[in-house]
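Listed here are the chains, written in short residue letters.
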Amino acid sequence: MNLKISALEFVNEVKNGNISAEDFVSATIERIKNVDEKLHAFLEVNSKAVEQASKVDKKIKSGEKVGACFGMPISIKDNICIKHSKTTCASKMLENFVAPYDATVISKLKEQDAVFVGKTNLDEFAMGLTTEFSAYGPSRNPWNTDYVPGGSSGGSAVSVSAFECVASLGSDTGGSVRNPASFCSTVGYKPTYGLISRYGLISYANSIEQIGPLTRTVKDTAFLLNILSGLDPNDNTTIDNDKDDYLSGIDSGIEGKKIGIIKEMIEDGIDPTVLSATNDAISKLEGLGAQCEDVSIDMVKYSVASYYTISATEAGSNLARYDNLRYGYDFPVEGFEFNSYISKARTKFGPEVIRRMILGGFVPSSGHAGKYFLKALKVKSKLTKEVNEVFKKFDYLIAPTVPILPFKIGEKIDDPIALFQVDINTVMSNLTGIPSISVPFAVSNGLPVGMQFLAKHNEDKSLLQAAHSLESTVQLPEIPI
Amino acid sequence: MTKIGLEIHCQLTKLESKLFCSCKANYRDYQPNTNVCPICMGLPGTLPRLNQKAIKKATIIAMALNCSTPEKIAFFRKNYFYPDLPKNFQITQLNIYGDTSIGGPGMIMVGNKKIRITRIQLEEDPGRLIYEGASSKNQITLVDYNRAGTPLVEVVTEPDFENPKQVREFLNILSDLLENLDVSDPGLEGAMRADANVSIKGGNKVEIKNIGSFHDLEKAVHFEITRQESLHAREIPIIQETRHWDDKRKITISSRLKEEELDYRYFLEGDIPWIKIGKDIQEKLKSEMPESISSKKERFVTKYGIPDQVAVVLSSDKFYSDLFDQSHTEKNAKEIANIITTDLMGLVDTAEKRTQSKLQSSHLRDLADAIQSEKLTRTSAKNALYEIVKSGKELSHIIAELDLGNVSNEDELLKIVEQVISEEPQALAEAKSNPQTINFLVGKVMQKTKGKANPQLTLDLLKKRIS
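These protein sequences, in sequence, are chains V and H.
Quick note: the first sequence uses this note's numbering, first residue 1, plus one each step.
Quick note: the second sequence uses this note's numbering, first residue 482, plus one each step.
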């Protein structure tokens with residue numbers, strides 16, 4: 001069974017009767033058994049996946065109406081709720097939390113006959129960019145298992161690139177889909193804020209994060225977006241996209257389009273390999289008929305600070321509910337003095353979560369809010385203004401998804417500031433709500449480099465067209481696993 | 482001068498569902514923790530789903546209190562830990578970043594006194610703590626989340642009250658107003674709660690929290706003024722502090738918790754985008770608002786000639802004014818107003834009696850018609866009303882069953898008149914010189930007929946007989 005096919009190819013193969021969903025899912029589960037001990041993409045594998053796929057086959061045989069996914073094996077980041085299955089956020093705090101409801105994206109995929117092969121690893125509560133902060137141990141980069149796969153949706157990216165599923169859903173708060181997509185050489189997309197419902201995604205920084213697909217091809221992302229996008233009464237922040245078809249016209253090309261190269265994202269600290277890949281990408285885009293030009297967005301230099309201030313503030317609030325009163329784990333309570341109770345209740349949070357919650361208690365507190373939180377909001381609004389201004393001139397912006405190459409596990413874990421800085425190229429689209437996508441572009445000394453496109457608000461369809469154009473110029477080596 | 486300001490929390494009990502989910506807004510009939518769902522329990526991954534009707538109802542309240550109503554409103558998170566708060570933050574509103582609450586400054590007249598409203602905000606109610614166990618040593622705390630997420634409107638006033646009496650009058654006006662707007666049932670336990678701040682001349686401001694009913698609010702304010710005045714008289718300084726109302730002992734107690742030191746880390750609730758309530762929507766809401774109490778009163782007086790006092794009573798209680806408006810015609814309006822305010826009010830003076838009452842508006846119409854066509858005397862009508870409230874039977878049945886029909890047959894009545902005259906020779910003699918005595922004889926006839934005698938006919942017959 002050839003597992004190395006795209007989502008659209010899978011649909012065609014099953015539709016045409018060349019393969020059965022059951023056989024494919026069964027081979028996928030076998031693949032997970034073989035490689036995941038080494039890669040640790042999954043926190044839990046769905047023991048009923050094959051059975052569910054065979055039900056889809058029966059539907060096909062009996063001529064019943066079948067959903068657009070035709071039993072496609074999809075993996076789900078373990079901060080998205082699937083009814084009756086554990087959703088741990090890779091935290092000991094939610095080790096035994098079984099969600100009593102489906103996230104909206106899950107309901108939609110179920111309707112379309114997707115099969116969930118398992119829940120994927122992440123940095124605890126999606127806070128991190130390497131999966132090293134998972135309470136259950138890091139995932140490993142399938143291109144070189146000594147290296148981090150990126151994060152926080154590291155498990156999702158690994159599962160797609162190592163053919164442990166056809167596609168995956170991750171979440172992107174400051175780059176958490178795009179960063180691991182870049183490090184593992186998959187497509188990773190962060191939609192316009194509100195395009196995909198967040199209902200059932202366990203909040204980290206709710207005002208800026210989005211669920212996004214990780215796929216083999218840009219077309220696969222468009223295919224999933226057709227299923228996932230649209231208004232949801234359970235999420236007030238969703239936007240109406242009039243059931244747009246993101247696959248139609250995806251081959252339109254980028255001739256005559258204007259692309260801005262964000263200067264601040266290829267300056268200080270950029271790896272020379274990444275810089276030269278970026279220059280290659282620009283040449284290729286020009287070859288396709290686009291006009292590329294440098295552009296400066298001044299506020300980018302404050303964006304990481306702004307991002308960590310805002311996300312920590314929201315995290316401090318969103319994670320406050322984990323107090324072990326309604327669900328959690330048993331622990332001996334000695335008296336009810338509040339401070340001793342809460343410090344005990346929270347011992348199961350890992351170091352990065354604690355760091356951000358402490359930060360989140362401090363930066364918006366009275367007496368400090370003016371210096372930190374309110375200033376961060378000002379940066380956010382100024383940045384948004386600048387970006388809107390830039391998009392008057394350009395159709396797209398481009399920058400490498402991550403300014404450096406994947407690094408070794410353990411290399412940066414003790415240097416939080418250095419880790420934070422890696423987010424410089426991705427946080428801008430979260431702070432401004434615009435869509436962005438990382439496309440596999442190069443592999444340098446066995447380590448992948450992803451290229452990032454950004455478009456203005458609600459121009460997701462056009463963004464996918466541009467990403468597809470670049471993608472079609474790229475030929476990458478086979479993954480060594 | 483004594484200054485009193487209020488913060489009043491009113492549950493929108495007339496709404497079908499909670500502020501952010503579809504659980505019931507009126508949680509009172511549920512076993513603990515059964516009126517809950519993943520959203521109001523704050524389970525991981527859930528988001529608030531805004532109840533648009535709550536926005537409308539709260540806007541109407543703001544309009545009724547003459548408050549400004551901004552075209553864009555926002556929600557904020559108030560972050561604090563408390564076991565009854567499922568998310569450990571409350572979704573509420575505030576005005577520190579501009580006027581983003583559902584109602585801005587307004588005012589309401591309490592007699593001749595103008596009470597300024599500072600703002601009106603919409604927020605979610607927390608759950609409830611229940612303490613069990615006799616002493617503090619074996620006390621356990623139980624949490625019931627049935628109430629968590631109930632829509633709550635907070636009305637904040639300026640410190641414009643000067644005495645507890647004004648507070649009481651304001652509360653009466655406010656609860657009548659909320660009832661009339663059909664947004665809340667102020668009579669329900671816990672539907673109205675309040676905080677108050679009180680200061681007397683030369684003293685600091687003292688906050689009283691946790692007052693569970695309007696009844697206790699007046700008491701708490703009264704207690705606090707007395708306490709502060711007695712301190713002042715003994716030249717003991719009144720310190721600025723938060724006190725709690727102890728509803729068992731009916732006193733205020735200094736709070737151990739230093740609430741003013743809490744830092745709520747307010748910030749915008751990103752899960753609920755800014756809500757536009759444009760001028761067009763506001764106009765529509767205004768046009769759909771129920772008639773105000775004062776305009777009802779005005780209508781009753783000018784259109785039907787109902788006496789002022791009766792109109793005040795009738796208009797201020799939605800239960801009665803609705804009955805009146807459903808039953809009256811131009812012809813019988815006064816009679817119906819009379820029946821409601823003199824007879825009905827005594828029969829349905831509690832919420833329980835009201836729900837048990839079988840009275841329909843058609844009953845009132847029939848009663849008034851029967852009185853006006855002299856089929857029933859007022860006394861019989863009162864007896865019939867009692868039966869109607871109890872059984873809901875039609876008036877004609879009740880008249881037949883209880884034999885309440887008027888004695889209007891002249892021959893029959895004459896016999897009774899004769900009987901009375903023969904029994905009361907002295908009164909008859911007196912009546913010739915003193916016309917007042919004739920009423921005594923009418924009363925005797927009424928007694929004999931159990932109030933069924935046609936009063937006019939009785940009088941005519943007696944007059945004829947005497948002269």
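It is worth saying that the hints were derived from the structure and are not from the lab.
From the three backbone atoms N, C-alpha and C, an ideal C-beta is built for every residue, glycine too.
Any given hint could be a false lead.
[Said to hold, decoys possible] Subject to a maximum C-alpha distance of 20 Å in a straight line, what follows is the list of computed SDA-like cross-link-like pairs (lysine to any residue): (1) V:Lys-83 to H:His-713; (2) H:Lys-686 to H:His-713; (3) V:Lys-385 to H:Trp-755.
[Unchecked claim] Okay, the calculated bits of chain H under chain V, using three or more residues with CB under 8 Å as the criterion: (4) 520 to 534; (5) 562 to 572; (6) 701 to 708.
Cross-check of the supplied hints:
1. V:Lys-83 to H:His-713: The given pair, whose Cα atoms are some 63 Å apart, is violated under the 20 Å limit.
2. H:Lys-686 to H:His-713: OK: H:Lys-686 and H:His-713 at ~13 Å, within 20 Å.
3. V:Lys-385 to H:Trp-755: Holds, at about 19 Å.
4. 520 to 534: Check passed, 10 qualifying residues.
5. 562 to 572: Coverage by chain V holds for the stretch 562 to 572 of chain H (6 residues, Cβ < 8 Å).
6. 701 to 708: violated (count 0)
Hints 1, 6 from the list above are not met by this structure, while the remaining hints are.
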